[in-house]
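Participant: Following the hints, put chain V in place on chain U, whose structure we already have.
Protein chains: 2
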Amino acid sequence: MKDMRIPILKLHEYLLISVQVDLDDQTAMQFQEDLLSKIHESGATGVVLDLTSVDIIDSFIAKVLGDVVSMADLMGAKVVFTGIQPAVSMTLIDLGIHLQDVPTALDLEQGLIKLRRELEEK
Amino acid sequence: MKDMRIPILKLHEYLLISVQVDLDDQTAMQFQEDLLSKIHESGATGVVLDLTSVDIIDSFIAKVLGDVVSMADLMGAKVVFTGIQPAVSMTLIDLGIHLQDVPTALDLEQGLIKLRRELEEK
Chain U
1 MKDMRIPILK LHEYLLISVQ VDLDDQTAMQ FQEDLLSKIH ESGATGVVLD LTSVDIIDSF
61 IAKVLGDVVS MADLMGAKVV FTGIQPAVSM TLIDLGIHLQ DVPTALDLEQ GLIKLRRELE
121 EK
Chain V
1 MKDMRIPILK LHEYLLISVQ VDLDDQTAMQ FQEDLLSKIH ESGATGVVLD LTSVDIIDSF
61 IAKVLGDVVS MADLMGAKVV FTGIQPAVSM TLIDLGIHLQ DVPTALDLEQ GLIKLRRELE
121 EK
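Read top to bottom, the protein sequences are chains U and V. Counting along the first sequence from 1, when you hit position 5 you're at 5 in UniProt numbering, and nothing is skipped either side. Counting along the second sequence from 1, when you hit position 54 you're at 54 in UniProt numbering, and nothing is skipped either side.
In isolation and in its complexed conformation, chain U is listed as follows (with noise of 0.2 Å):
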């Protein structure tokens, strides 16, 4: 089988991610752990996370994107939801996931005007 990887782009110094496949556990577990190193090599200091694409996520891969939020807080790269619909937003409310204080935008461009946003007012 094919190793699937997610591709994260760097444009200046965030990090751009847009996930157009259904996530599987081993997805997101690889997933997680090359954003951390990209986050890492990169110095990039935020990440925007598009899931325009996702259509459903289960209750594995909700901890991994909770988790991956506070990790790249840790390492100092802040992270913004983009394009998350009705059915994961409700996935993820019904589940007690609450991303409390994640910015979420409509979409990649204004995921990066929030994001822009955020880091200034730090």
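Errors might be hidden in some of the hints.
Stated by the list, open to error - Okay, derived cross-link-like pairs now, DSS-like style, lysine-lysine, Cα gap no bigger than 30 Å in a straight line:
| hint | chain 1 | residue 1 | chain 2 | residue 2 |
| --- | --- | --- | --- | --- |
| 1 | V | 114 | U | 38 |
| 2 | U | 10 | U | 63 |
| 3 | V | 114 | U | 10 |
| 4 | U | 10 | V | 38 |
| 5 | V | 38 | V | 10 |
| 6 | V | 63 | V | 114 |
| 7 | U | 10 | V | 10 |
Everything labelled a hint here was simulated from the structure, so no lab data went into it.
Facilitator: Just chain V now, kept in the frame of chain U:
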């Protein structure tokens, strides 16, 4: 087997793609189709295609990449390649595929700058 698709990010009027898997024939063809659809639906005027993580390409993939540039051009979108590795550049030249009219740049940031310049010149 899992459906392998290369994510295409839209940022302002541009599309950004970072190829972070070794391209097999099917993935490359799927990518060609996805990119053209995305240009059509988004009305993007430019595409940055980052090949930093591609170590080797064969003649089929090289042809697909060359074709996608011409196809995108017909649809009104300019393609810039970034991060072409030494081995890949050698393969392209050895195969007689001269991407002469295709602008190239070192990385994503430089690619976006080049794209902006190319589009302004038109």
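Participant: Next, verify each hint and record whether it holds.
Facilitator: A quick look at each hint next to the structure:
A distance of roughly 25 Å separates the Cα atoms of residue 114 of chain V and residue 38 of chain U; the hinted pair therefore holds under the 30 Å criterion. Under the criterion of a C-alpha separation no larger than 30 Å, the hint pairing residue 10 of chain U with residue 63 of chain U is consistent with the structure, at around 25 Å. Of the supplied pair hints, the one linking residue 114 of chain V and residue 10 of chain U holds, its CA atoms being roughly 17 Å apart against a limit of 30 Å. Distance restraint check for residue 10 of chain U and residue 38 of chain V: the Cα-Cα separation of roughly 21 Å lies within the 30 Å cut-off, and the hinted pair is therefore satisfied.
Proximity of residue 38 of chain V to residue 10 of chain V is assessed by CA-CA distance (about 9 Å); at most 30 Å being required, the pair is judged to hold. The straight-line distance between the Cα atoms of residue 63 of chain V and residue 114 of chain V is roughly 23 Å, inside the 30 Å bound, and the hint therefore holds. As the CA atoms of residue 10 of chain U and residue 10 of chain V are separated by approximately 14 Å, the hinted pair is consistent with the 30 Å bound.
Violated hints for the displayed structure: none, as all numbered hints are satisfied.
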